[in-house]
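Residue 18 in numbering that gives the first Met the number 0 sits at position 19 of the sequence shown; the count goes up by one each step and never skips.
Quick caveat, the hints were computed from the structure, so don't treat them as lab data.
Ideal Cβ placement from N, Cα and C applies to all residues, glycine included.
One should not assume that every hint holds.
Label-pair ranges, simulated between beta-carbon atoms [as the list claims (entries may be wrong)]:
#1 Leu79 x Arg33: 33 to 41 Å
#2 Thr78 x Arg31: 39 to 47 Å
#3 Gln102 x Ala69: 16 to 24 Å
#4 Pro36 x Ile75: 35 to 43 Å
#5 Ser101 x Asp52: 29 to 37 Å
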Amino acid sequence: MRRRTTAQALAQRSRIVLECADGHSIMEVSRRLRLTPDTVRTWRRRFLERGLDGLSDEPRPGVPRKITDADVERVIVKTLEEKPKNATHWSTRSMAAATGMSQSAISR
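Between the sequences and the hints, there should be enough to build the whole structure, so can you do that?
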């Protein structure tokens, strides 16, 4: 199963809160939205404790990302607006060479 995007996850969490606010039980909400009861309990509790801020993702453990949003934007713009010399499209290697980033960073 793929991870939801932030917007999709926020919409799902909002549906949980709205269903609970309409008086539906945790079991009923979990059945209707095809989620586990624990998931419904988690987001209901976080909303009750923190309001709308509780529906956002918390920071994840691990090493902070090294690729900035500006780096990602630069690669996307270059991909869409430029062609590499002597080629019809960018490869991960050619984009890495053109941007000074590693090939694995470009692949991500």
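Tested hints:
1. Leu79 x Arg33: 33 to 41 Å: holds (37 Å)
2. Thr78 x Arg31: 39 to 47 Å: holds (41 Å)
3. Gln102 x Ala69: 16 to 24 Å: holds (19 Å)
4. Pro36 x Ile75: 35 to 43 Å: holds (40 Å)
5. Ser101 x Asp52: 29 to 37 Å: holds (36 Å)
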